[in-house]
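Following the hints, complete the assembly by docking chains B, C, D, E and F onto the known chain A.
Number of protein chains: 6
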Amino acid sequence: MVTNTEKLDAAVLEVFKNASTPSIATLLYKRGLRTNFVQGVSRLGGDRPNMVGQAFTLRYIPAREDLNQLEVFKDPEHPQRVAVETVPEGHVLVMDCRGDASAASAGGILAKRLEYRGCAGIVTDGGLRDTHEISKLRLPAYCAAASAPTNLTKHHAIDLNVPIGCGTAPVFPGDLVVGDADGVIIVPLHMASEIAAEIQDMEAFEAFVLDEVAKGSSIIGLYPPSAETRARFEACSKK
Amino acid sequence: MVTNTEKLDAAVLEVFKNASTPSIATLLYKRGLRTNFVQGVSRLGGDRPNMVGQAFTLRYIPAREDLNQLEVFKDPEHPQRVAVETVPEGHVLVMDCRGDASAASAGGILAKRLEYRGCAGIVTDGGLRDTHEISKLRLPAYCAAASAPTNLTKHHAIDLNVPIGCGTAPVFPGDLVVGDADGVIIVPLHMASEIAAEIQDMEAFEAFVLDEVAKGSSIIGLYPPSAETRARFEACSKK
Amino acid sequence: MVTNTEKLDAAVLEVFKNASTPSIATLLYKRGLRTNFVQGVSRLGGDRPNMVGQAFTLRYIPAREDLNQLEVFKDPEHPQRVAVETVPEGHVLVMDCRGDASAASAGGILAKRLEYRGCAGIVTDGGLRDTHEISKLRLPAYCAAASAPTNLTKHHAIDLNVPIGCGTAPVFPGDLVVGDADGVIIVPLHMASEIAAEIQDMEAFEAFVLDEVAKGSSIIGLYPPSAETRARFEACSKK
Amino acid sequence: MVTNTEKLDAAVLEVFKNASTPSIATLLYKRGLRTNFVQGVSRLGGDRPNMVGQAFTLRYIPAREDLNQLEVFKDPEHPQRVAVETVPEGHVLVMDCRGDASAASAGGILAKRLEYRGCAGIVTDGGLRDTHEISKLRLPAYCAAASAPTNLTKHHAIDLNVPIGCGTAPVFPGDLVVGDADGVIIVPLHMASEIAAEIQDMEAFEAFVLDEVAKGSSIIGLYPPSAETRARFEACSKK
Amino acid sequence: MVTNTEKLDAAVLEVFKNASTPSIATLLYKRGLRTNFVQGVSRLGGDRPNMVGQAFTLRYIPAREDLNQLEVFKDPEHPQRVAVETVPEGHVLVMDCRGDASAASAGGILAKRLEYRGCAGIVTDGGLRDTHEISKLRLPAYCAAASAPTNLTKHHAIDLNVPIGCGTAPVFPGDLVVGDADGVIIVPLHMASEIAAEIQDMEAFEAFVLDEVAKGSSIIGLYPPSAETRARFEACSKK
Amino acid sequence: MVTNTEKLDAAVLEVFKNASTPSIATLLYKRGLRTNFVQGVSRLGGDRPNMVGQAFTLRYIPAREDLNQLEVFKDPEHPQRVAVETVPEGHVLVMDCRGDASAASAGGILAKRLEYRGCAGIVTDGGLRDTHEISKLRLPAYCAAASAPTNLTKHHAIDLNVPIGCGTAPVFPGDLVVGDADGVIIVPLHMASEIAAEIQDMEAFEAFVLDEVAKGSSIIGLYPPSAETRARFEACSKK
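Chains as they are written, first to last, in full-length UniProt numbering: chain A, 1 to 239; chain B, 1 to 239; chain C, 1 to 239; chain D, 1 to 239; chain E, 1 to 239; chain F, 1 to 239.
Chain A extracted, bound-state conformation (with noise of 0.2 Å):
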């Protein structure tokens, strides 16, 4: 179990909080990766703030039938239990269910205890169950399908905190992960902060375009820029 991930500073959070997944794959575009979108996952629940943190990760197996019976929970030590009561305060639980949504990963008790943690959410790419609690909570939730069965059923957790795939993206401890309407994205904890830095530009150059728009311009020289515009949007931002 990875223990010292170095953690992000708060300003940098901060700026995902009005950041699009959208515009945060296009800088990773623009670095060379293509794989970080969380894929088949959609948020429970309506319209709400981004979920922003660093993750905690929870690895799942396959279940063999003789290692999962319901006894397994009485076991304090047993590493979905774990994962609720350990998920620093702030960061995302992810887990990997090597995107087998036939089985819940986790339900509206374990959901409650983590939003009363201070969690900041949870995204898995196997399934969840109480759905219908679950998204009556601030507690922001990914997952790949509402699913009823236990996690035994399907589900072996073995692991806190190692990297992970979830929904086909690469899940390193500590990276950052983010959530909107669109879905989520993991941002490798390295680039956190000069995605930071470089997004803010991004967003406000996006509600001018959008502006722009409103108001019958084309896109050809508006997005991308040509100089013209880009000079343009510079003079409205300095206002």
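Careful: at least some of the hints might be erroneous.
Because identical chains share one entry, a pair is satisfied inside a single copy or across any pair of copies.
To be verified - Calculated pairs, DMTMM-like style, for lysine to aspartate or glutamate (alpha carbon to alpha carbon, straight line, at most 20 Å):
| hint | residue 1 | residue 2 |
| --- | --- | --- |
| 1 | Lys-215 | Glu-198 |
| 2 | Lys-136 | Glu-206 |
| 3 | Lys-136 | Glu-203 |
| 4 | Lys-30 | Asp-66 |
| 5 | Lys-74 | Glu-234 |
| 6 | Lys-136 | Asp-47 |
Calculated from the structure, these hints are not laboratory results.
Quick look at chains B, C, D, E and F alone, frame taken from chain A:
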């Protein structure tokens, strides 16, 4: 066609109106049943009471073009139409489309007729059409996707009330079918009463747990409960 | 690039504003067409009027990394950008992403520009990004998934207004595209007028049927109608 | 269980021993049938004569753990075992596993027994086990994959000789089943004689075409034939 | 990295050289284990002796482009290369590629080195490259597909000898891995000896059954055996 | 239809006759190309020389029933037939079937004609029929599956020699196509010469490595080579 399936007591059915599919899944798991959740279907429309009723089944095989012209519906013995007119009041119509949602298995008119006749719900691992209209009915309806093409395009109705598969779950006529926001689960007929007996305590305990979690309790020793927690719950529930 | 596709009469288009995709699917089925429903896409945002317009197509092939750097968008001839600026008013932009929704095929800025230009809707069997923003536009938009990565990640825009596949449906430039809550269906251009002529009666009859069902009528002899039912419907509709 | 299916003439069956599944597919296509090829199965073992026989069907539903203990095979009425002992000589045993090949639907011992009883072949859209042994039998066998787990793991044998789906093809008891290196195709019983009448000429013509192609002829005007080519073929075949 | 897994007796391993994966699957099924068959992999090359050995595992996560340049192989600690040099003699290298066969997990050079080092086989739910060369080795090799791209394209080697999933089967370091023509099955370490004890009788009985079937015996009362059959078998096997 | 694609030097083509697709994949990876391997296709028939030639493409869209009657083949301008008669000698016919192998894209007669005309091979991400006959030709043929149904069932031939996708790889007319036992890879035209220049050394080095491994060398320091190893290889190759 199976005709004499045992009818469940109204009291048993009543219990399941307040039982969640995750709790049922766990009690089935305890009995060794891992595959009774209907995979891949979701509910049309928003929040509503649980769907609860015994299964009445309709089996489709793949359509063969020469047998599935629009005229077939003129036959008063067409199994889909017979199903709609004969599903007993309070039963759920469960359809086996072999997981193929590229065509509908029923639409708005049939759904409305089923509602009128007192049907408790419809479940299909194929498509439904007129989903906007169906979502406004009181009748709960679960499908794999909205799909405009008539069932004849892909599905040939062949059998009524035989054992089927639906969303990879085995379904026998008369089995108890329960649906909530997480999806649909099949309770084998002979297990329904004993699970009803167990589930009320389980739901009460989970409500107690949620309450404790809201107050800040750790889940370790709470869920599953230590002897002390269990005692405390029992003391509470006596009040 | 096909340039001279026949324009449909406004009156024909108008009819389809009140036609459902299931009814259209049935009339296509009657003519032997089983594959014109766009499989696997759903509408962003809530209830809204039907999407109706002729198809203007954009074809993507899989991206090749050396050809898809962010700079390509600076080319005023980039087919995606040209598509956005040239889709004729009242047409639907239909995109062929080979069913790969792991990247977007368009986003919020382009969607807003399309709305401004009077585009009748967008349909893609790939992803869309900025789905929250798009769902707030009046422009109807259908996609296989929300997906944050830029189209360059997976999709190379190659052709405008050639015949394509979208969601396993064949789409020819100029075909009529209709979308409602169930999804999107493609009406071959040369069939649009005759289907328009037939569908009004069909929708009226289905409304009559729903009414009868609401009053408690069995569907046997009603849907499809016996001679007596048909006569009764005709008597009603004359009033 | 259907019991009185019409038996095809030996002469008709004989014709199909020299007919290819592509030719049959084309003649079915001519009659509007597009879905009778069994998708996703392949033949065990190397080159061998065509499999030809009428269908005897076995339907599986998903296994339910409490109903599928190893003891069930002790029941002499277990449908899988009854199937093996009652499939009529010269018939093909066709199994519906809902396309799930993660467990076997039969193994080496049953295959050997079927061969001994004069069964014409086995086809399953599930798995087969002991594939090395089966591939050494004369009995043609087609499956979706080699799969070691016993059928009980996933498949509950439920019905004999009812209409089924196999590899997305509709199969009615008594339908003609033909298999070659390309796979398996289902000929509806009532079409078998007329297709037999047509296919001999078709195969003769294709042999003629191959001969012409070997001599350097273009396919334009040859395949399909111009009037001149057709005349030349007819002249040849009279010799 | 797990280091002290128990070594199985040579005598136990020897038994499995003559045991089939279907027989093992059945004995695991008897113990409640339904998921230990490695789904979706097949053997390269033709008939050969069973693969038998304990599991040594290699875990991959999805590749991240900045971490997977060709230079990484220069690192003598790269887990894939360390795996190849440290898998103990007689062990099977089992790789977890999350079922993604769009890139290789190993190729001809590593396979040849593994053969030289006395490795008992390789199993991956990803791809293998140089399959023609590997199929000519004595080393048994199982994969999901031939796949030319280097592992770096999709797979980032991360861990050695931790519990993994492979083809949806759970695999713990030290588990017994057996492969034959049907595929690969995982026997939990603690069950290996008792299954070895049972399987010899089972294989002998199946040989007896095949013999009886060859003589024309019905399977009813034979397989599974009636008391009479069992007695007869026991009499035979004493000779 | 693209007509003037550059022809590659015979010497360049010759080099690729002795190059493996894994080596090519690695050299493309070095240049940032990760998606040029044609996923999901395999070669018909046994061992044979590499397939090497420039791409001539045929694009299919989904079939529409009214446009795809058997008579269409009588049209001498039908794109599939034109493709067969116009693919230049030494070129590979690459077909885009959108990954749908449920129908054929070509069969034995067309394959034989292609062989006669000096075509270098066929590649399709759809099906092929008459696979037994095709596997006996010298013409290399790669497909996603054997599939008896005529192409008209699912595929409508629409375009010749335009950029396409095949098995998720981008293919431009004139690109170099190489196939071996592992599958098929696409080399962008402008990279073919420089990769040819690099690959001979690479193949020689891999042969040297295999030789060292056969003698018992560890792969550490060998593959990739340390400076010492590289020097030793260069000394060897000078001899």
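Each hint, compared with the structure:
Taking identical chains as interchangeable, the C-alpha atoms of Lys-215 and Glu-198 are never at most 20 Å apart, the minima being 26 Å within one chain and 42 Å between chains. In this homomeric assembly, Lys-136 and Glu-206 come within 20 Å of each other (Cα to Cα) only across copies, at 17 Å, whereas the closest approach inside a single copy is 31 Å. In this assembly of identical chains, Lys-136 and Glu-203 lie within 20 Å of each other by CA distance solely across copies; the values are 19 Å between and 29 Å within a copy. Proximity of Lys-30 to Asp-66 under the C-alpha cut-off of 20 Å is restricted to the inter-copy arrangement: shortest distance 12 Å between copies versus 48 Å within a copy.
For a Cα distance limit of 20 Å, the shortest separation of Lys-74 from Glu-234 across copies, 19 Å, qualifies, whereas the shortest one inside one copy, 60 Å, does not. Taking CA atoms no more than 20 Å apart as the test, Lys-136 paired with Asp-47 passes in both settings, with 11 Å inside one copy and 12 Å between copies.
When held up to the earlier numbered hints, the structure conflicts with hint 1 and nothing else.
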